[in-house]
Each structure stands twice: as structure tokens, then as C-alpha cells.
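With chain A held as given, fit chains B, C and D onto it using these hints.
Number of protein chains: 4
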Amino acid sequence: MAHIAPGRVVITLPARPEVTQQNGYVHAGASSAIADSAGGYAAFTLFPEGTSVLTVEYKINLLAPAAGDHIEAVGTVLKPGRTLTVCCLEVFATHQQQRTLIATGQQTLICVPERP
Amino acid sequence: MAHIAPGRVVITLPARPEVTQQNGYVHAGASSAIADSAGGYAAFTLFPEGTSVLTVEYKINLLAPAAGDHIEAVGTVLKPGRTLTVCCLEVFATHQQQRTLIATGQQTLICVPERP
Amino acid sequence: MAHIAPGRVVITLPARPEVTQQNGYVHAGASSAIADSAGGYAAFTLFPEGTSVLTVEYKINLLAPAAGDHIEAVGTVLKPGRTLTVCCLEVFATHQQQRTLIATGQQTLICVPERP
Amino acid sequence: MAHIAPGRVVITLPARPEVTQQNGYVHAGASSAIADSAGGYAAFTLFPEGTSVLTVEYKINLLAPAAGDHIEAVGTVLKPGRTLTVCCLEVFATHQQQRTLIATGQQTLICVPERP
Numbered sequence: 001m002a003h004i005a006p007g008r009v010v011i012t013l014p015a016r017p018e019v020t021q022q023n024g025y026v027h028a029g030a031s032s033a034i035a036d037s038a039g040g041y042a043a044f045t046l047f048p049e050g051t052s053v054l055t056v057e058y059k060i061n062l063l064a065p066a067a068g069d070h071i072e073a074v075g076t077v078l079k080p081g082r083t084l085t086v087c088c089l090e091v092f093a094t095h096q097q098q099r100t101l102i103a104t105g106q107q108t109l110i111c112v113p114e115r116p
Numbered sequence: 001m002a003h004i005a006p007g008r009v010v011i012t013l014p015a016r017p018e019v020t021q022q023n024g025y026v027h028a029g030a031s032s033a034i035a036d037s038a039g040g041y042a043a044f045t046l047f048p049e050g051t052s053v054l055t056v057e058y059k060i061n062l063l064a065p066a067a068g069d070h071i072e073a074v075g076t077v078l079k080p081g082r083t084l085t086v087c088c089l090e091v092f093a094t095h096q097q098q099r100t101l102i103a104t105g106q107q108t109l110i111c112v113p114e115r116p
Numbered sequence: 001m002a003h004i005a006p007g008r009v010v011i012t013l014p015a016r017p018e019v020t021q022q023n024g025y026v027h028a029g030a031s032s033a034i035a036d037s038a039g040g041y042a043a044f045t046l047f048p049e050g051t052s053v054l055t056v057e058y059k060i061n062l063l064a065p066a067a068g069d070h071i072e073a074v075g076t077v078l079k080p081g082r083t084l085t086v087c088c089l090e091v092f093a094t095h096q097q098q099r100t101l102i103a104t105g106q107q108t109l110i111c112v113p114e115r116p
Numbered sequence: 001m002a003h004i005a006p007g008r009v010v011i012t013l014p015a016r017p018e019v020t021q022q023n024g025y026v027h028a029g030a031s032s033a034i035a036d037s038a039g040g041y042a043a044f045t046l047f048p049e050g051t052s053v054l055t056v057e058y059k060i061n062l063l064a065p066a067a068g069d070h071i072e073a074v075g076t077v078l079k080p081g082r083t084l085t086v087c088c089l090e091v092f093a094t095h096q097q098q099r100t101l102i103a104t105g106q107q108t109l110i111c112v113p114e115r116p
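Chains as they are written, first to last, in my numbering: chain A, 1 to 116; chain B, 1 to 116; chain C, 1 to 116; chain D, 1 to 116.
These are calculated hints, taken from the structure and not from any lab test.
Among these hints, one or two may not hold up.
One-sided excerpt, in silico: chain C residues whose CB lies under 7 Å from chain B [as the list claims (entries may be wrong)]:
| hint | residue |
| --- | --- |
| 1 | GLU57 |
| 2 | LYS59 |
| 3 | LEU62 |
Just so you know, these numbers come straight off a predicted model, no measurement behind them.
For each residue, glycine too, the CB sits at the ideal point set by N, CA and C.
Isolated chain A (complex conformation) (with noise of 0.2 Å):
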């Protein structure tokens, strides 16, 4: 985790052989693992203790391949409730300092009790 605020968290994924192609590319699973992760914990940070965050369902939309250095995964809270949330989940890939949007999505999820 690269970066945490109330509502907002980043997550970076280095290109490491395990998670590229043959291309070198980042696998697009991994690009949408780690943004529904940014948005999970992003809606968590504001949930009450003794709670625990689900993943409802997720939106997104591939739009660029993940070429680069290492991608980042942006969830930012839209819309926090006390039983749904609502992200916004956007990835990066950065190859020589230059960084590209390569997905964008939309995520709801819910507030449930910690269970023991």
C-alpha cells in the first residue's frame, strides 16, 4: 500500500515476472485485483470498528495495456453510507516517469460486523 487517507487509498504492483505476460505486460486480472483491493480498503478506511468490509460487485473498463515499470491503483471514495459505499477505482501504469490511465471502474460495497 503506497498510500492511505480517509477515503482514499493507493496500491502500487511492481511488473515482477509472476504477475507479466509473455509481452511483459502486466496481466489484466492483476490490474483489476489491485483496484478492487484500493477500493476496498479505501471504503474501510471510513467504516465504524468491529466491522469488515465485501466487495458487492465492481465495473470496469480496460482501456490501455499495462505496460511500465509498475502499475497503481487509485480508490477514492464517491458516495460512503453506512451499509453500501461507493468507490471509484482508476490504474495507472508508469513506464519512464511518464504515467497513463489504463483502467477505469466503479465498485459498491458493503459494511458488515467483524466476525470473530
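Chains B, C and D alone, transformed into the frame defined by chain A:
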């Protein structure tokens, strides 16, 4: 249409009886419909001559009831493309000068040759 | 409402001038609106007394123009739940006995206490 | 890949330690990733030679935790097209012969010329 600029369109809908429910709220269907139109026109502002726009799909979260004097949909191009364009959709309700975000979405559009 | 059963609702909309465009097609906005309603009622058939239904979000792909005598939206519960229910949405256009799938979607609904 | 037919692909993922969390459940990210792949290959089975497939976007509802011996993603083409194809995505978890739907989604794919 209340405002039009390259990649951004605003559509306003007064809360007239034809689009309101028994409680005076604008129908969710009307909110979604003007959001879809705002995004469609926003994409269209960036298309070349002789082409037309079709909505491929959209996803919308309904955040709050559409209570107020009028609702306003804002479509903004997130990623333009030769074939596909992705837009961000926002719907606001204005009640006695106070503006509330009531829906937020994401939309994919396709540029097609104009039918003769 | 053309049909109602536990977890499944069908809504039919005749292609009247109020909902058609200059080319005689039903507005995409009208297709989405009746799809949203069909899913909402489908979920509602499974809710306990004293509760109401709200659409949290939906995603819809528009597959073909809504050409025909009438359109028909089918909402089917995929996964019922105490708080959240997920529905499948389908919209068909019927033209001279031929039925075509013109839109398909997925929707999340929430069960809330009825307002007094 | 467990099964492949025109317009339908099934991918199975055993619940190995690399894809499971501390509680033994398969990561939601892994479920989404194999759902996306299943839909992509399902679309690809219908594409002409010399083309490739890219995911434009998908939306997925996570319905239940991925508990079990293995998970299985089914991608089915709902609407094939020359440029765009729409798929239905389903993910099941199998635990001691019992199969549960744990995620359901909808996906848009694009057919592009194969890169040399």
C-alpha cells in the same frame, strides 16, 4: 442541453409532473436516461464528421432519491478512442440551491458510420 | 406488468409514439427503465412484508435497436438475499412475431424497511 | 481449460495455497481473473482467423466466498458480433461435490487484428 464543450455535455431536466412519481421525485429511469444521453453527446463532440454514436453499455449507481426542482446530468469523456470511447456519468439534483450527487456511472460508446 | 411469479417479472411496453424516436424505434432510455423496473419487481416478490425495494445499481448492454410492435423486459432473481438481491435483466423486441434480444443487464437491489 | 465449445469456455482453478487467503478461500481477484479469461476465450472461439480478443470491460457481482476444493468459471457468448461480443460470466465453487454460484458477471469484448 444546458452546456456543451469538447468531451463534456450537461443536460438539465426540470422536475415536471410527467417525469415525477407520486412523491414528487424524478423517476430513476429518467435520471439514467439523461445520464446516458449526456455521455452519448459528450463522446459525439469528439467524433469526426459523418459518424454517429451508439451506447454499447453503461453501469450506474443510484445514490439518493432525485428530489428537487430539477436534475442535471453531466457526461465527461474519460478516454476517447477511434472506435470506443469511455465516459464518466454524474447526475445531480438541485433543491433550493443545494446540489446533491444522486447517481454516478460509467459508459462505453461506439463510433459508427452515419446511416444515409 | 405482463407476468409475475416468485423471483421473475415480465413488463411489456407497446411502441407508442411517446416512447419512440423519429425512426420508430423505442428509446434506449425506455428499454433500460423497464428493465430496471422488471428486476426491481422480481426482487420485490421475494421480500418480506413491510419492506420496500431500491435499485443500488445496474449495468446494461444495448445489443440492437428496439424495433418492433412492443418491447418486453424480463427480470429474474439470480441470487436472493436478506439485504442485497442480484437480478438478471433481459429486454426483447417483438416485430411481426419475431423476438430479438435487444439488451441484457445485471442489477443489484436492496431491501429496505417500508417508509410509513 | 476444462471445456471448450463454440461460444462457451470453462476454466477450472484448484484452491492451491498461491491463490487462497489465510482462511482457505480463493481470492476474489482470482475468481474475477478466471471469469474474465473464460469470457475472453468464449468470444475468441467465434472470431475469424488472424484476429485476437481484448476485454473492453466487465462487471461482476461477488455473491459468496470462494470456499471449496476448486472454482470453475464459465464464459458464454450472449451476443456475438463482428466488432463487439457480449458474454455472460459465472463462477462456481465446488466443495465436497456441492456446486455454488459465487460470482456472476457480464463482459464486453472486441475483436482486433492479430499483432504480427
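> Can you name, in rising order, the numbers of the hints this structure does not satisfy?
Replying inline: Every hint satisfied by this model.
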